[in-house]
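Number of protein chains: 2
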Amino acid sequence: MKFCAHCGSPVERLVPAGDNRLRHVCPACGCIHYQNPRLVVGTLPVWGDQVLLCRRAIEPRHGYWTLPAGFMENGESAADGALRETMEEACARVRLIAPYTLVSVPHIDQIHLLFRAELADLEFAPGTESLEVRLFAEQEIPWKELAFSSVSLTLQTFFEERRHGQFGVHHFSLDALPRS
Amino acid sequence: MKFCAHCGSPVERLVPAGDNRLRHVCPACGCIHYQNPRLVVGTLPVWGDQVLLCRRAIEPRHGYWTLPAGFMENGESAADGALRETMEEACARVRLIAPYTLVSVPHIDQIHLLFRAELADLEFAPGTESLEVRLFAEQEIPWKELAFSSVSLTLQTFFEERRHGQFGVHHFSLDALPRS
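In order, the protein sequences belong to chains A and B. Residue numbers for the first sequence follow the numbering used here, so the first one is 1 and each next one is one higher. Residue numbers for the second sequence follow the numbering used here, so the first one is 1 and each next one is one higher.
There could be a bad hint or two in this list.
To be verified - Quick list of simulated restraints, FRET-style, between CB atoms:
#, chain 1, residue 1, chain 2, residue 2, range
1, A, P27, B, Q139, 45 to 53 angstroms
2, A, A137, B, S9, 47 to 55 angstroms
3, A, D175, B, P126, 25 to 33 angstroms
4, B, G63, A, C29, 24 to 32 angstroms
5, A, I108, B, I108, 20 to 28 angstroms
6, A, L131, B, C31, 23 to 31 angstroms
7, B, R162, A, P16, 37 to 45 angstroms
8, B, G63, A, M1, 29 to 37 angstroms
9, A, I58, B, C31, 30 to 38 angstroms
10, B, P126, A, Q35, 23 to 31 angstroms
11, B, C31, A, E160, 26 to 34 angstroms
Keep in mind that the hints were calculated from the coordinates and are not lab data. Note that this is a predicted model, so its numbers are computed, not measured. Using N, Cα and C, we set each Cβ at its ideal position, and we do this for glycine too.
With the rest of the complex left out, here is chain A (with noise of 0.2 angstroms):
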């Protein structure tokens, strides 16, 4: 950030008063603009004993497969979000269990939140996003062509959690763990 996207002045870099963190300041208007993490949001869509998963169209990580995920936009609540990009991204229509895993990715200011969700039927395709969607047993997975960590922890979770037919919620954060 340059300049303030409210007057269009040079803004400057400085803690503003009451505050601790260096902020965009524009000295002209002295609007303070902050930035803040962005949530990604999506679903873990299960069919049995298989889960859904989609073959990213698009970089970062093209070629690779993920869940059903994306950026939560303004004036949708992160259920909706989660349900509309797993409508665009491959299709599908699921229903919502819980929120699942909630990753933290400090390092590029994003948190990822993935809800455990059951398909409605088996009517998906790739979206425009994707190359192809499929489901996949556990022993299908493709553990080394998986997009992004928050994938591999959220699939690894899932799947030792099913062991013992039961799911909790979890919280992680990648920095302090080993990038997949």
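Following the hints, position chain B against chain A.
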């Protein structure tokens, strides 16, 4: 947003190619300025059968009671943000137990994430944004003087679940509920 934060030119509102939403786009440098919901993180600090609330020293809802929470910052995890806010608002150290409520507030582009937590000790005090910090048993909760619907919902859910001794994780969207 009226000006491009990257080059200072006036922005336009249009739907970029391949998108389906109005965005602020700079006709001079091509930059698309996405705007996304902000995440508020905090805790529900528990001490025996009591919970810790803070009375707000700032607007909005000056003088009303709330759980310690605030905007998640870039470069931190959701858990770190919740611990930081608990320290800033209540000067309290807690141990996080698990994510508990996730409350979408689409009409103000926010999502509130509260963790269940255990107070480490009784060394709490008002931070600069609080007038007063104290413990409340369930029958003492000032239900009509709570600052936000997300706080009311979280406390209601907590006391209800505590009767059964089992805690889940819950997603609410405030547009579907009456405001408190």
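Evaluation of the provided hints:
1. P27/A to Q139/B: 45 to 53 angstroms: 52 angstroms, holds
2. A137/A to S9/B: 47 to 55 angstroms: 53 angstroms, holds
3. D175/A to P126/B: 25 to 33 angstroms: 31 angstroms, holds
4. G63/B to C29/A: 24 to 32 angstroms: 30 angstroms, holds
5. I108/A to I108/B: 20 to 28 angstroms: Holds - the Cβ-Cβ distance for I108/A and I108/B, about 25 angstroms, lies within 20 to 28 angstroms.
6. L131/A to C31/B: 23 to 31 angstroms: 28 angstroms, holds
7. R162/B to P16/A: 37 to 45 angstroms: 40 angstroms, holds
8. G63/B to M1/A: 29 to 37 angstroms: Given about 35 angstroms between the Cβ atoms, the range holds.
9. I58/A to C31/B: 30 to 38 angstroms: 19 angstroms, violated
10. P126/B to Q35/A: 23 to 31 angstroms: Since the Cβ atoms of P126/B and Q35/A sit about 28 angstroms apart, the hinted range of 23 to 31 angstroms holds.
11. C31/B to E160/A: 26 to 34 angstroms: Once the Cβ atoms are compared, 43 angstroms apart, the range 26 to 34 angstroms for E160/A and C31/B is violated.
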